[in-house]
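Residue numbers (this note's numbering), protein chains in the order written: chain S, 745 to 907; chain D, 993 to 1385.
These are calculated hints, taken from the structure and not from any lab test. Ideal Cβ positions, reconstructed from N, Cα and C, are used throughout, including at glycine. Any given hint could turn out to be false.
Said to hold, decoys possible - Residues from chain D that keep clear of chain S, each with C-beta distances beyond 10 Å, as calculated:
hint, residue
1, G1031
2, N1061
3, G1237
4, E1333
Stated by the list, open to error - Cβ-to-Cβ under 8 Å is the rule here; a few derived chain D residues that face chain S:
hint, residue
5, L1020
6, G1033
7, V1383
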Amino acid sequence: MDGKDLEILQLLEENGRIPLGELAASLGLSEGEAGERIRALEAARIIRKVTAVIDWEKAGASRVSAIIDLKIAPERDFGYDKIAERIARFRQVDSLYLVSGVYDLQLLVTGKDMNEVSRFVSEQIAPMDHIREAATHIIMKIYKENGNQFFEKEGGERLPLSF
Amino acid sequence: MRQQTMRERGSARARAIPPSGIRKFFDLLLTMEDVISLGVGEPDFETPWNVSEAGIWSIEQGHTSYTSNKGLLPLRQLVAKDLLARYGVGYDPEEEIIITTGVSEAADIAVRALVDPGDEVLVAEPSYVSYSPCATLAGGKPVPVPCPEKDEFRLTPDNLAEKVTRKSRVLVMNFPNNPTGGVMGKADIDAIADLVVDHDLMVISDEVYSELTYEGRHVAVASHPELRDRTVTMNGFSKAYSMTGWRVGYLCAPKNIAELALKIHQYVMLCAPVMGQMAAIEAMKNGEQEKDAMVREYRQRRNFFVEGLNRIGLPCHLPKGAFYAFPSVAGTGLTDQEFAERFLTEKQVAVVPGSVFGGSGADHLRCAYAVSREDLGTALKRMEEFISGLVRA
Chain S
745 MDGKDLEILQ LLEENGRIPL GELAASLGLS EGEAGERIRA LEAARIIRKV
795 TAVIDWEKAG ASRVSAIIDL KIAPERDFGY DKIAERIARF RQVDSLYLVS
845 GVYDLQLLVT GKDMNEVSRF VSEQIAPMDH IREAATHIIM KIYKENGNQF
895 FEKEGGERLP LSF
Chain D
993 MRQQTMRERG SARARAIPPS GIRKFFDLLL TMEDVISLGV GEPDFETPWN
1043 VSEAGIWSIE QGHTSYTSNK GLLPLRQLVA KDLLARYGVG YDPEEEIIIT
1093 TGVSEAADIA VRALVDPGDE VLVAEPSYVS YSPCATLAGG KPVPVPCPEK
1143 DEFRLTPDNL AEKVTRKSRV LVMNFPNNPT GGVMGKADID AIADLVVDHD
1193 LMVISDEVYS ELTYEGRHVA VASHPELRDR TVTMNGFSKA YSMTGWRVGY
1243 LCAPKNIAEL ALKIHQYVML CAPVMGQMAA IEAMKNGEQE KDAMVREYRQ
1293 RRNFFVEGLN RIGLPCHLPK GAFYAFPSVA GTGLTDQEFA ERFLTEKQVA
1343 VVPGSVFGGS GADHLRCAYA VSREDLGTAL KRMEEFISGL VRA
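Isolated chain S (complex conformation) (with noise of 0.2 Å):
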């Protein structure tokens, strides 16, 4: 990893789907040494995945995400990595993070509709041993996510020919 690397990946956060010829001439490499960088830095899993920020709501497909804040006990030896990699396991559970504070695990939940999430919290997740106690918040309206701003502004006017 060095300065060069560092900018392809923030390229690559920034537009997933940057044309390789565009990466390279702005970091002043060859095409074949900038294609060569992020095959090393997706073989290094540093490049996890590139995917696209989608608004579903404009897109009409209904789905219903919730924030579940999860109190654990942890386990002697294990701490809460166990519990934590069980909870990963389900398709429903988009991310996870042990956080600091009154809750340890925080999730995000991911379902077609109210119903499903509920379900899925009520029936397996909070049921689970060492969990003591759950609270679910359902995500009501996105205002941003993933560093792009969901809402429309008008955005100030650049003269189109100035000094």
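With the hints as your guide, set chain D onto chain S.
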């Protein structure tokens, strides 16, 4: 006779300054749709939100009145600290720094503080378009000093020596340069210092693009020990922090000159807008990270765009600062004006003809890469089509 007086009403000085060199262009552009404009002279980023919040907060807190003529002292102190840390130039925030309504105002009051009628004002060209009119309005005579491409658009002692006369009073320079992206390194400033001293010139140095320097670090003219007391340094927040509309800049000069500039400033401007000054304080305190990210982005776009220009056959030196590429159209058989006009009409891309920035900018185009990568890519494609059309024709 009466009629003629009516017709000629208006001062000779105001009549002597030329109208904007891009007016015709501008009008043409406004009639067109889906134009990609590489003709903008400002960043395409919005002001970092923490900076805007500081401006909003200042209004909420009732900071809506005049400030000291010199500007808010905390801001002047931050400016002084910053100039010392970054460029090794020390200015007394109490006596030697004035917060101005953008560098535009600073240029005007600096020229007026230094120039008497009949004085010659040397202007390193190509340059931003306001210095010569400022000189004319002050009764001075602007004298262009060419900084051609073969010198990498730098000001050389030879070219300066050729234009200096006994009437020369002031040298105006702007590096990193709008429109060429040229920069003056330490050796370049050293090389002209003797001439400046020998001819007892004052230097007005517009360094508003100083933070947009892509190779090495910016060198302030006033960091040269012989030039410190001969230089008016101008800078601002517009380019480094995407704050063009806030209208905040500053002027630094040795005390005796700052006092003169302050007198003019207090009569014509009173003070820079207070909300802008409050926002600028936040920018100086907490704007570093956003600025660095912006500079990185500009550097990448520059590399991408200049590589593209050279590839499609518009030779372009690698600009070391600002956010302009200045390719040559000499090989196309068109003048810069013809190229820009036809390119706009036929391919809907606006660029600024280099000759607008002075004679030594002829046969070049100013292309701002302060636009999205997508637009830069499209502009390059259209430019390539346009040029290959010329070759066939």
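Okay, the hints, checked on the actual structure:
{"no.": "1", "hint": "G1031", "result": "violated (4 Å)"}
{"no.": "2", "hint": "N1061", "result": "holds (27 Å)"}
{"no.": "3", "hint": "G1237", "result": "violated (7 Å)"}
{"no.": "4", "hint": "E1333", "result": "holds (13 Å)"}
{"no.": "5", "hint": "L1020", "result": "violated (10 Å)"}
{"no.": "6", "hint": "G1033", "result": "holds (4 Å)"}
{"no.": "7", "hint": "V1383", "result": "violated (23 Å)"}
When the structure is compared with the earlier hints, violations turn up for hints 1, 3, 5, 7 and for no others.
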